[in-house]
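Trainee: Protein chains in written order, with this note's numbering: chain A, 174 to 540; chain B, 297 to 470.
Hints were generated in silico from the structure; no laboratory data involved.
For clarity, every value in this text was computed on a predicted model and none was experimentally measured.
Misleading hints may appear alongside valid ones.
[Unchecked claim] Facing chain B, from chain A, some residues (calculated, C-beta under 8 Å):
hint: 1; residue: ALA288
hint: 2; residue: VAL318
hint: 3; residue: PRO320
From the three backbone atoms N, C-alpha and C, an ideal C-beta is built for every residue, glycine too.
Listed below, chain by chain, are the residues.
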Amino acid sequence: MIETCFEAGLLDSTRAFALAALIGVFFGFFLEAAGFGSSRRLSGIFYFRDMAVIKVIFTALITAMLGLAYLEAFGWVRTEGLHLLPTVYGAQVVGGLVFGVGFVLGGWCPGTAAAGCVSGKLDALVFLAGALAGSMLFNETYETVAPLLSTGDRGVRFVYDSLGVPKSIFIFAFTTVAVLSFWTAEYLERRVAGRGRYLFSPFLTIFSLCLLLVAWAFSLALPPTAGTEASLLAAIEEGEDHIEPEELADRLLAGEAELFLADLRPADEYRLFRIRGAENIELQRLPAILAPWKNRGTIVLYSNGMTHPAQARDALSRIGYRNVHILTDGLGGFIARCLKPASLREEPVSPGTAAKISAWRSYFLAR
Amino acid sequence: MERTQRPRRGAYMNPYVAGIMLGVTLLGSFLTLGAGLGASGGIARAAAYLERLADPARVEASAYFGAWGPRPLRYYLVFMLGGVFLGGALSAFTARRFSLRLERGRACSVSRRVLSAFAGGVLAGWASRLASGCTSGQALTGGALLLTGSMVFMVCVFAGGYAAARIARGQWDD
């Protein structure tokens, strides 16, 4: 298992800066080598004249995707170690559309403009100046567009979960789409610009077959749901799926913003008493309501006992949730262990614990 | 006499090989940093830095740049962007592709191309902040991670690009 800078919280360390600079050198080198230091070549994709963008970027994406899938399956890296951007439909749809217009108008995107700039392209320099101004403009317009940043916020979400297909099946299908797009790109180049030199070439044929084989082998290496089930069972064995009442009480008392507490009991019981801060949610509405919290922060489920929360936790795990916990001993346990006055307890209570109990009581029993 | 063993001046790498190498670079970034590639983040940090030189109080009070604190350049993507400049130069010089010019079609005026490049930069710079990433940080990185939002971003980039392709086409007319 590799521990990444992100996982260690060291993304702002000197080591990470040096690594990032080195990675940047390779990134810039291959961008330029691919011909992305030319705005004419980059724009070619929008007129079906030069499809290099599709070929290079889709190949890079599929290579990294397959590499990561295998490394994860072999346990070299885990999802928790990766910085995953949340899905926010409002920001990403509007941002994507405007970015696309900027891309075709300017003939550059930020990374390629940097590579173009150092190969002597003055229009890349102008584009970069524009991008600086655009960033400042965003800062000025931030208040106005801020609502978009929370419109359709779904938290960290994987596309195979969104589509409801197993990961390995999606990977194979996506690789197939990539291979088809390479052949289409070569065909279009031959039709529109009289090029497409890799069409029916032994190179592209072998490359395509290799990609498909690697993607197909992944589905054999990893049966569709085995990964999820195995990690769920491991989490249960380690007790990672539980949260103790005392810990929950402390975190609620501290006002932790990234904590979502769901009460799964019937609504009338919820109205009578609930843990302060809890929301009452019917079981079948759980996935819809929890979506913004998926793999972001901590989700805690509770009921009177532990059976319903545990079953709900398993169901959520199968649709990709990795941050759901159940309250040990349920609401009954919470009351007995946190809210029962120290004076009524049979076991001796240390002064420190007694002070905690009284703080919890005044917070959770406040009317 | 021409030396035949030297690569043709300006010849690009096989796009699929270049793609594999970029993919391996991205994978290396995932394994060491735990984060993918990015370019617009570094540009935005530079913008905050520059604006700070002019009016630090205004930047500190602003909602977006203000959150980056007094030293906005202390961020890994700034260093990555620096690396991109260096690596790009390395490739351009070794392949003897460096040439100082404004790339445009012969029928396109200099002012039109400059205006268009600047306007494109403004839109891309603004939009990459809204979407928290550009073609590198969202489309390529998020795409390889199979994140739903990044896939949606990628589709929208092409939708926006193809929709506006007609008005930008004149720049490349010869």
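Trainee: Taking the hints in turn, state whether each one holds.
Mentor: Comparing the hints with the structure gives:
no.	hint	result
1	ALA288	holds, 3 Å
2	VAL318	holds, 6 Å
3	PRO320	violated, 11 Å
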